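Listed in order, the protein sequences are those of chains Y and V. If you read the first sequence in this note's numbering, its first letter stands for residue 1, the second for the next number, and so on. If you read the second sequence in this note's numbering, its first letter stands for residue 166, the second for the next number, and so on.
These are computed hints drawn from the structure, not numbers from a lab. A hint or two may mislead.
Stated by the list, open to error - What follows is a set of in silico ranges between Cβ atoms, one per label pair, in the way DEER data are often shown:
{"hint": "1", "chain 1": "Y", "residue 1": "Q153", "chain 2": "V", "residue 2": "A300", "range": "47 to 53 Å"}
{"hint": "2", "chain 1": "Y", "residue 1": "S20", "chain 2": "V", "residue 2": "A223", "range": "52 to 58 Å"}
{"hint": "3", "chain 1": "Y", "residue 1": "T156", "chain 2": "V", "residue 2": "G222", "range": "46 to 52 Å"}
{"hint": "4", "chain 1": "V", "residue 1": "A223", "chain 2": "Y", "residue 2": "G137", "range": "42 to 48 Å"}
{"hint": "5", "chain 1": "Y", "residue 1": "S11", "chain 2": "V", "residue 2": "T274", "range": "35 to 41 Å"}
{"hint": "6", "chain 1": "V", "residue 1": "T274", "chain 2": "Y", "residue 2": "T156", "range": "33 to 39 Å"}
{"hint": "7", "chain 1": "Y", "residue 1": "S70", "chain 2": "V", "residue 2": "T303", "range": "43 to 49 Å"}
Values in this document were obtained by computation on a predicted structure and should not be read as measured data. Cβ atoms here follow ideal geometry from the backbone N, Cα and C, with glycine treated the same way.
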Amino acid sequence: MANPTMTLIASYTVGSGGVSSVGFSSIPATYTDLLLKASIASSVYGEWTDNGFTLNGSNGPDITLYGTGSGAGTTADSGTDIRVQGSKATSGTFASYDIYIPNYTSSNPKSISWDGVTENNSTTALTNIGVSKITTGAVTSLSWSAGSGNFIQYTTLYLYGISNS
Amino acid sequence: MTAGATYVPIATQTLGSAVSTVTFSSIPSTYTDLILVFTGSVSAGTGTNFTLNGDTGANYSLTYIYGSGSSAGSGRGSNQSNAGYEYMPTANAIHTNITHFMNYANTNTYKTILMRLNGSTVQASAQANLWRSTAAITSIALSAPSANWNTGSQFTLYGIAAA
Chain Y
1 MANPTMTLIA
11 SYTVGSGGVS
21 SVGFSSIPAT
31 YTDLLLKASI
41 ASSVYGEWTD
51 NGFTLNGSNG
61 PDITLYGTGS
71 GAGTTADSGT
81 DIRVQGSKAT
91 SGTFASYDIY
101 IPNYTSSNPK
111 SISWDGVTEN
121 NSTTALTNIG
131 VSKITTGAVT
141 SLSWSAGSGN
151 FIQYTTLYLY
161 GISNS
Chain V
166 MTAGATYVPI
176 ATQTLGSAVS
186 TVTFSSIPST
196 YTDLILVFTG
206 SVSAGTGTNF
216 TLNGDTGANY
226 SLTYIYGSGS
236 SAGSGRGSNQ
246 SNAGYEYMPT
256 ANAIHTNITH
266 FMNYANTNTY
276 KTILMRLNGS
286 TVQASAQANL
296 WRSTAAITSI
306 ALSAPSANWN
316 TGSQFTLYGI
326 AAA
């Protein structure tokens with residue numbers, strides 16, 4: 001039997017003052033898939049982080065399915081838009097996201113998926129799933145930019161590698 | 166750092182040539198759950214499916230929710246002869262699928278399957294399947310009817326152990 005695999009590659013926690021983008025570089029090519037777990041919030045209400053998620057500096061078209069508690073909807077955009085919680089909505093609340101990037105060392109386009117929630121005890125809460133196609137080679141870096149705001153203090157990201165051998 | 170005995174790779178298949186069916190067999194019963202990760206494409210538009218333990222009886226059902234970017238909806242099917250898998254209407258379009266087989270080796274319960282389907286230019290979707298069998302899952306056969314899984318498509322089966 002192969003060894004257990006879900007290995008923490010790197011983590012990042014935003015300090016006081018916030019930052020406009022978070023991410024990782026020099027991602028090793030020693031795994032099969034990547035899993036990013038994020039607890040993340042923006043200084044801007046209901047931030048969609050337009051075009052903000054990139055692999056090797058590239059983004060791509062995305063589709064999101066969401067539920068607000070009063071209805072369900074879907075959106076399509078040209079550039080990997082992932083909604084995160086705005087700290088102005090409810091102080092101290094952070095969106096939670098799992099972002100899965102399979103076969104990330106392949107030269108083929110990447111079909112990434114995410115599951116996220118932005119629950120905040122109000123009607124602006126959002127549960128969503130999404131997918132984006134990003135055309136790039138082997139992934140060596142990922143970045144998530146906050147659009148018009150900043151990612152606030154205590155935003156944390158954990159990047160795991162999952163190996164199939 | 167390893168996060169305990171999770172995501173143990175059982176088998177992986179990276180296709181060196183196009184095939185219509187990919188099979189995982191002799192799956193051990195030593196884990197709690199299974200996770201099947203797929204990324205790849207098909208040679209022609211099709212609705213893919215899978216069968217468990219070779220069962221082609223009317224023992225499968227499913228419920229799904231989807232968003233295409235322009236419309237959102239939900240649907241279901243009962244008494245199916247196979248389990249619905251990734252909807253892949255466009256040849257060579259890249260898809261990702263992450264499927265959880267819950268309590269797959271329990272011989273007292275029917276098997277519930279939770280799925281995230283990701284057609285990168287088609288839809289974001291979530292699905293629940295049910296296989297009405299108390300048999301432990303020992304094989305999974307994934308089919309692309311009237312098409313092939315393209316060369317380079319990758320399927321990996323992981324075992325998830327109880328904490």
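Now the hints, each set against the structure:
1. Y/Q153 - V/A300: 47 to 53 Å: 52 Å, holds
2. Y/S20 - V/A223: 52 to 58 Å: Roughly 55 Å apart at Cβ, these two residues keep to the hinted range, so it holds.
3. Y/T156 - V/G222: 46 to 52 Å: 48 Å, holds
4. V/A223 - Y/G137: 42 to 48 Å: About 45 Å separates the Cβ atoms of V/A223 and Y/G137, which means 42 to 48 Å holds.
5. Y/S11 - V/T274: 35 to 41 Å: 37 Å, holds
6. V/T274 - Y/T156: 33 to 39 Å: With a Cβ separation near 37 Å, V/T274 and Y/T156 satisfy 33 to 39 Å, so the hint holds.
7. Y/S70 - V/T303: 43 to 49 Å: Taking Cβ atoms as reference, Y/S70 and V/T303 lie about 44 Å apart, which means the hint holds.
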